[in-house]
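*Asks:* In the UniProt record's numbering, the protein residues as written are 1 to 199.
Incorrect hints may appear among the rest.
[Stated by the list, open to error] No more than 20 Å apart at the CA atoms, straight line, and that leaves these computed lysine to aspartate or glutamate pairs for EDC-like: (1) K89 <-> E71; (2) K116 <-> E100; (3) K40 <-> E100; (4) K59 <-> E119; (5) K89 <-> E75; (6) K40 <-> E117; (7) K89 <-> E78; (8) K59 <-> E100; (9) K94 <-> E117; (10) K57 <-> D106; (11) K94 <-> E119; (12) K39 <-> D55; (13) K40 <-> D55; (14) K59 <-> E71; (15) K57 <-> E100; (16) K39 <-> E60; (17) K39 <-> E26.
Because the hints were derived from the structure by calculation, they are not lab data.
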Amino acid sequence: MLPFLDGEYSQKRTEFKKVLLGISAERERWNQCVDLVNKKMGMAVGALFIRDNFDPKSKETAQEMIRNIREAFNELLEENSWMDEETIKVAREKANAMNERIGYPDLLTNPVELSKEYEGKFLFIPTYRNSKFSSDNEFRNMVFKICSRHISWGPELSYVKGAYLPSGKLATWPVRHCQWVPMPKGRMAAKVNNAMKRL
1 MLPFLDGEYS QKRTEFKKVL LGISAERERW NQCVDLVNKK MGMAVGALFI RDNFDPKSKE
61 TAQEMIRNIR EAFNELLEEN SWMDEETIKV AREKANAMNE RIGYPDLLTN PVELSKEYEG
121 KFLFIPTYRN SKFSSDNEFR NMVFKICSRH ISWGPELSYV KGAYLPSGKL ATWPVRHCQW
181 VPMPKGRMAA KVNNAMKRL
């Protein structure tokens, strides 16, 4: 609770952090507030971001590229002479079982589904103390609900970097990474895709 208090408490905390961590000043309040909103309501913030900044065709292009890479990998397995049949079979199963998370979960484009993520979350309660504890408790429940799904997106979109986890057969490319990559358009996109198929 201390990080959220003003005045003398904030000053004491800053002094303590100077001694403990060598931090010379506390982050500005607006920065702390933005960070808190992003952590507590990251999916909602992500929905606003993709609505204003992301072309859905980029997601489709990335998904097609993944399909082409998988297809090319499976073709290479057929031409492979140094692996036995059992190993090839396992490699193909792994490639085909890989779960793709490209850009953002589909629920971010569906306001009704997104609202369900925050159902029962009490963010505005008259006293700060009760609001803070309620928010933390509701956040834990929300994380549990999201993580217990068969396919979870995990951390919020603004924090995640792209990842491939072999143990989870999972490739994650969040929207922020798809957005800034110059994606070819039109005929050039098809040429790049065909080139990727041949790799």
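*Asks:* Would you mind marking each hint as holding or not holding in the structure?
*Replies:* So, going through the hints one by one against the coordinates:
no.: 1; hint: K89 <-> E71; verdict: 14 Å, holds
no.: 2; hint: K116 <-> E100; verdict: 23 Å, violated
no.: 3; hint: K40 <-> E100; verdict: 25 Å, violated
no.: 4; hint: K59 <-> E119; verdict: 28 Å, violated
no.: 5; hint: K89 <-> E75; verdict: 12 Å, holds
no.: 6; hint: K40 <-> E117; verdict: 12 Å, holds
no.: 7; hint: K89 <-> E78; verdict: 10 Å, holds
no.: 8; hint: K59 <-> E100; verdict: 11 Å, holds
no.: 9; hint: K94 <-> E117; verdict: 31 Å, violated
no.: 10; hint: K57 <-> D106; verdict: 13 Å, holds
no.: 11; hint: K94 <-> E119; verdict: 36 Å, violated
no.: 12; hint: K39 <-> D55; verdict: 24 Å, violated
no.: 13; hint: K40 <-> D55; verdict: 25 Å, violated
no.: 14; hint: K59 <-> E71; verdict: 18 Å, holds
no.: 15; hint: K57 <-> E100; verdict: 16 Å, holds
no.: 16; hint: K39 <-> E60; verdict: 28 Å, violated
no.: 17; hint: K39 <-> E26; verdict: 19 Å, holds
Violated hints for the displayed structure, listed by number in ascending order: 2, 3, 4, 9, 11, 12, 13 and 16.
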